[in-house]
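Q: Fit chains B and C to the given chain A structure using the hints.
Protein chains in written order, with my numbering: chain A, 33 to 700; chain B, 7 to 149; chain C, 13 to 204.
FYI, nobody ran anything at the bench for these hints, they're computed from the structure.
Any given hint could be a false lead.
[To be verified] What follows is a set of in silico ranges between Cβ atoms, one per label pair, in the way DEER data are often shown:
{"hint": "1", "chain 1": "B", "residue 1": "Leu115", "chain 2": "A", "residue 2": "Arg456", "range": "34 to 44 Å"}
{"hint": "2", "chain 1": "C", "residue 1": "Ala189", "chain 2": "A", "residue 2": "Tyr552", "range": "52 to 62 Å"}
{"hint": "3", "chain 1": "A", "residue 1": "Tyr76", "chain 2": "C", "residue 2": "Leu28", "range": "46 to 56 Å"}
{"hint": "4", "chain 1": "C", "residue 1": "Ala23", "chain 2": "A", "residue 2": "Ala667", "range": "35 to 45 Å"}
{"hint": "5", "chain 1": "A", "residue 1": "Tyr76", "chain 2": "B", "residue 2": "Glu106", "range": "50 to 60 Å"}
{"hint": "6", "chain 1": "B", "residue 1": "Ser93", "chain 2": "C", "residue 2": "Ala189", "range": "48 to 58 Å"}
Using N, Cα and C, we set each Cβ at its ideal position, and we do this for glycine too.
Residues per chain, in single letters:
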Amino acid sequence: MTHVLGYSASVLAFLLSVYGAVAAVAGVRLRRPEWVRSAEMAAYANLALMTLAALAMVYALVTHDFSVSYVAQVGSRSTPLFYTVISLWGALEGSILLWGWVLAGYTAAALYFTRERSGAMGAYALATMLGVGAFFYLLLAGPANPFGRVWPVPLDGPGPNPLLQNHPLMGVHPPLLYLGYVGMTVPFAFAVGALLSGRLDAGWLRMTRRWTVPAWTFLSLAIIAGMWWSYDVLGWGGYWAWDPVENASFMPWLTATAFLHSAMVQERRGMLKVWNLVLIVATFLLTILGTFLTRSGILSSVHAFTQGTIGYYFVAFIALVLFFSLALVAGSAGSLRQTGRLDAAVSRETVFLVNNLLLSAFALTVLLGTMYPLVAEALRGVKVSVGAPFFNQMTVPLCVALLFLMGVGPALPWRRADRDVLRRQFVPPFVAMLCVGAAAVALGVRGPYTVLAFAFAAFTLVANGREYVSGVRARMRSQGEGPATALIRLVASNRRRYGGYLAHIGVIALTVGIAASSSYRREYEATLGPGETMRAGKFELRFDRLWARNEPRRFAVGADVTVLDGGAEVGRLEPRLNFYGSDQPIATPAVRSRPDRDLYVNLMAFERDGSSATLRVLIEPLVFWIWIGGGIIGAGGLLAAWPRRRRTSRAAEDAPASAPVAAGQGVS
Amino acid sequence: MSRRLLAGAILAALLPTGAAWARQSAPADSALEARVREVAAGLRCPVCQGLSILDSPTELAQEMRAVVREQLAEGRTPAEVKEYFVSKYGEWILLEPTPEGLNLVVYLLPWLTVAAGAAVIAIGVRRWTRTGGEPDPTPPEAV
Amino acid sequence: MNWRGTLIALAVVLPLILLFRVGMHRDPRAIPSPLPGRPAPDFALRRMDADTAAGTLPTDTSLVRLEELRGRVVVLNFWASWCLACRDEHAALSAVAEAYRDRGVVFYGVLYNDTPESARRWIEEMGGQSYETLLDPGARTAIDYGLYGVPETFLIDRSGRVAAKQIGPVTEARLSARLDSLLAAAPAEATP
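The following block holds chain A by itself, in its conformation from the complex:
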């Protein structure tokens, strides 16, 4: 039953997508609006079909229906319900199913929330989304069919990958990642729609920007959640290893971030039209490339799914998308002549240009480093590694420069800045920067980049904070509002702007956390008998006893550790090793996280009789602020992305842009 339901839903979704894509294009070309309408219906139907397929799979997982191939692959009777449900995205086929579902949702949402859908741009955008959908539904109907039939039906399954059932964050990180990744399809579709319809005016940019912000927010949160998972599960005390899959999620984030800034330049000054198209297309391609890298097994990675033929589908799809979008952009570059002008070199516009340069160079560096092992093997026939030392060396200067620009941008006005404005805007941040920089050096911070990171963080924090403070002050003066009301009204008056500043503040917290924890990480290791203590920084750790117990899906060995600070007991930790039926035990660290420093304890080894345990202890300052920063970035993104109430939104949004060109005018 589930087989038939799930499989036919996938096949039907594929057929409807192909139909819809063709109908939408034909409808525009041949001026048959009813065909476009039918394509819209197909998109809504796809959402229903994919919801059905996904729920069928969840049902099969929860009822342990091992006759379904995917369940036989990842399910197990002893896996707790939560991990059973989230194993929906624990392996290749399920993750493609989730992808298809999310894409169907985005397509329907883009239709529902878009006014301009009757125009040519909307129809082409719809065709693009359905075309991308057709690819993923084809995968579901063919090489990645999760609804295969298994006979004879196994009595039990192996259960999900132990790494994926070790932490609740696995229930959060992948869906966020998909919401971010797949969400980039919508801006891409509007860009293609604009190119095909020749309507490269403010309209497409507004649509594109509006859909990029939520996708960007999800992607940011997904990256942070992935870091957190890595930190809490992998046991090495780090959160970012420049693993190909981490890079794959980071590259589209970089290009999307660049777009969010350069879009403002186009809005204000009508410049960078081609560049913005390039960024949107690149972002989408990088999400597909990332999926390909992780799904095809072409690069090895902790998170990669190992798979065979599906890679060929992806290569074909990437080639197709890359070919068409490049040909489209390059072909229309001539008609997109630069029309804007700058008033002065010292202006926010210029800062955005530099910011875009650095972000693009950053993305290029990550792309090069990620792909280079492939290139080297193809050209030199030698396996090489490109890892953390390379990426850190190359990108830390870029990060530091970007951190500084994040403060310069908001402090500089658009168009031009006179001397008084400059003095008013820049003196406080510079003072903060010099104070913090001097304090850091005085406190013994060495390493030029670490000092710069702290100093620039202060600069940028003051620059962005001032935007809030001066705005609130102005309202309190002019409107006579209280500080809280003033703040709320200020933010509500331009949520995109203040959401952006908030996201900046989040990035500052994150950067400070990374700079401090990577520069001042301390490591201690000792083998202790029961009752013995070891010193780790200001803490003393006492190993109390070793325990072992059977748990529903695993066997665990753990150590009870008491944390002492100046002789007083401040906490207990329980680092453990989980044994899941594979030959490698998974070390689960115990972390005591505080705003000033994290205490990260791993059980490395033990004597079976409990007479000793080997502990590896890491002290990492300010890690806490990475997660806080992630939360602030998410809040800023949400603030900027949350849809306006319909009543007020149109007028407010359309006001700055010139009157939109009549729909359909640009049909080519």
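A: The following block gives chains B and C in isolation, referenced to the frame of chain A:
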């Protein structure tokens, strides 16, 4: 083999290996340790995914660190120690490709891009800010 | 879209496809070892069970040195009792070791990050091992041989060069075929 049996086999196999796992704290010679860390950070842990033998908590990584420490203590230079590992594991063991030949591409291309982009922006900004100047057709594409 | 766009697009897409094509036909996890063809790294390892030595060596010292094995084909199998794939290849290794014992091939297991007690228990559980296992404290020899994980098997020819390296479990047919070709390659030297 059923899961339960398998788990039993693993426990039987794993639990008694405590002795092999036990290790002593790292020696206190901090100058040597700093050099060990430097070399270890550049060597890839063979049983992990992309982690260095400095970061990796696995046993093999610890043992490789011990080899690094031993060789450095014997007076070998960091380059010689790395060369030893390359001769055993191939160039793959280095987390950072040696900056020579084709590998130079990954080191130089990003900076060349930044330089070229900066030049484009500098020229572009000058043109666009020229008073009364014609709109310029060059898109400021950095990459 | 026009010819210019198409050309630019093709110039980018085609190399990328080629690159991925190459990439798809290789295994990212298979890392070629630089060792085959080079002299095998020397070792002097203690026998796990000196008393059960089944007469594979004329001397009864507790150390096994590679240099003393010149003139014979050596099969070096790194294993551990906690390694699941080692269970798969155990029968094949024991059988091949038995079959080639009189043809100048000597097998040694090298215990990797494991204790002799659990190794002995494992051997007992698996129904014995037809060759000796050596101890490698600190995995120095394993690292000398560029070991990634267990099981890994090295074939060393009569002149002391590494002839082949097998990552993962061996099969009887494949191992026998390799040994046959190694023995055939240098038939001149007499087997003891």
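Q: Indicate, hint by hint, whether the structure satisfies it.
A: Evaluated hints:
no.	hint	in the structure
1	Leu115(B) to Arg456(A): 34 to 44 Å	holds, 41 Å
2	Ala189(C) to Tyr552(A): 52 to 62 Å	holds, 56 Å
3	Tyr76(A) to Leu28(C): 46 to 56 Å	violated, 35 Å
4	Ala23(C) to Ala667(A): 35 to 45 Å	holds, 43 Å
5	Tyr76(A) to Glu106(B): 50 to 60 Å	holds, 57 Å
6	Ser93(B) to Ala189(C): 48 to 58 Å	violated, 29 Å
Violated hints for the displayed structure, listed by number in ascending order: 3, 6.
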